[in-house]
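K.L.:
Sequence:
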Amino acid sequence: MSIQVTPNLNEVGVVSSNNVDTGILSELLSQAQTQAIATQESESWLQAIRDRATAIVHQSKFPTTRDEEWRFTDVSPLKQVKFQAAPSVVPDLAAFKPLLLPEADRSRLVFVNGIYAPELSAVVLPDDVVASNLDRLPPAYRSRLENYLAQIPGTEEVFTALNTAAIADVAVVWVPKNVVIETPIHLLFISTASVTPIITQPRCLVVAEAGSSVTLIEDYFNQMTNLEAEESEAEVGEPVYFTNAVTEIWLEENAQVNHTRIERDSPEAFHIGKTAIAQARDSRYTCNAINLGARLSRHNLDIFQTGEQTQTTLNGLTKITGNQLTDTHSNLALNHPYGTSHQLHKCIVGDRAHAVFNGKIFVPKPAQQTDAAQLNRNLLLSPKARVDTKPQLEITADNVKCAHGATVSQLDDEEVFYLQSRGLNANEARNLLINAFAAEIINQIPVFSLQQTLTKTINR
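Taking our numbering, the leading residue of the sequence shown gets 822, the next gets one more, and so forth.
Only true hints are included.
Derived lysine to aspartate or glutamate pairs resembling DMTMM-like cross-links, with alpha carbons at most 25 angstroms apart:
# : residue 1 : residue 2
1 : K1222     : D1192
2 : K1181     : D895
3 : K1186     : E1074
4 : K900      : D1209
5 : K900      : E890
6 : K1205     : E1059
7 : K1211     : D1172
8 : K1181     : D1209
By construction, these hints were calculated from the structure, which means they are not laboratory data. Computed from a predicted model, the values in this text were never measured in an experiment.
With the sequences and hints as input, model every part of the structure.
P.N.:
Now the structure itself:
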């Protein structure tokens, strides 16, 4: 059994340096805080959280490819765009009707540029279930928010701190003890990008109390403003904007959360997302992360098992083409006995696109009887497509069952030829094989209409 240094979990995902680079970070912070000041009155505890995060941003440097955590992902193109604070806009509901899920027609929260849009939302849930935003949160829950918001380790990471420093609104889902919600809750985050690049910072907090169960669909999309859409398409093509999102999910004992996260931003957008999970004993968490859009996207997924017999399932699918770059970084810390984790991440990469997967699993000495498996499978569709993969297991426990691996392959010519011999043309044969590769992840999503939509998207 290999012996490696067990990291300090409080430092997982942290990017900081004494070499302060405040230029672009200060500019982004200034624009983001403009929206926060305009939309949210400050409570003392919330302002204290913002102030701490602001200090972290000012002490951090902008990541570069010289930082190990960003070695394959160059975020310097963010410096070349001047972003402005997102405007207050309420688009027409009909404009994004194709995005709505019939399974969640009474459990939909819509946020436009990070701010709750009650006109576009529909929430009819049991009285004791909370699905709302920060301003509309019942007082009994609002007073408890301080114990959860920005409290999971990893908030020191620079983009997470940037989001926290300018919290303007928060999507809040709170499921009381032993309550099981049968219908999925759809959290739809719309960016109304236009000819002017904007920065939006959606924030989400989910608390599943002991014995509860909920299904979440977290969905990021772009809707150009009606007034500027035609002009933008004609003059500058796809809109440029920056989405910097943070989601925190707390699972108490024996709780279950089935979470699907979809990123389908504009092809010229920037998207950096952080998902942080804290799992108490006997809880069960599943994440289906689908990455389809954005010129440059990064998803940081941090999971902390905080009790025994905890189950974590991570499914991921990336489908990119053109010059897109998509990076998935996951950190899974198993700190207690009898924990299980199973991770399968797949990438389909075409043209000159570039996919990155870096998955870490930490199994320290207390985590005896751990069962952990991690696999990254990659399908390259062109000679210039690129993937960098780095699955990692760091184990100091001596009685565990752990495995990890990665594969990189291309479409099998013999399989394409066989399908052509059955009457399909070459393009149909290739699409059938690509769909079969993606279906292993798509079929895990517990919302049928969303499965169908994503399958059509993969076909394009």
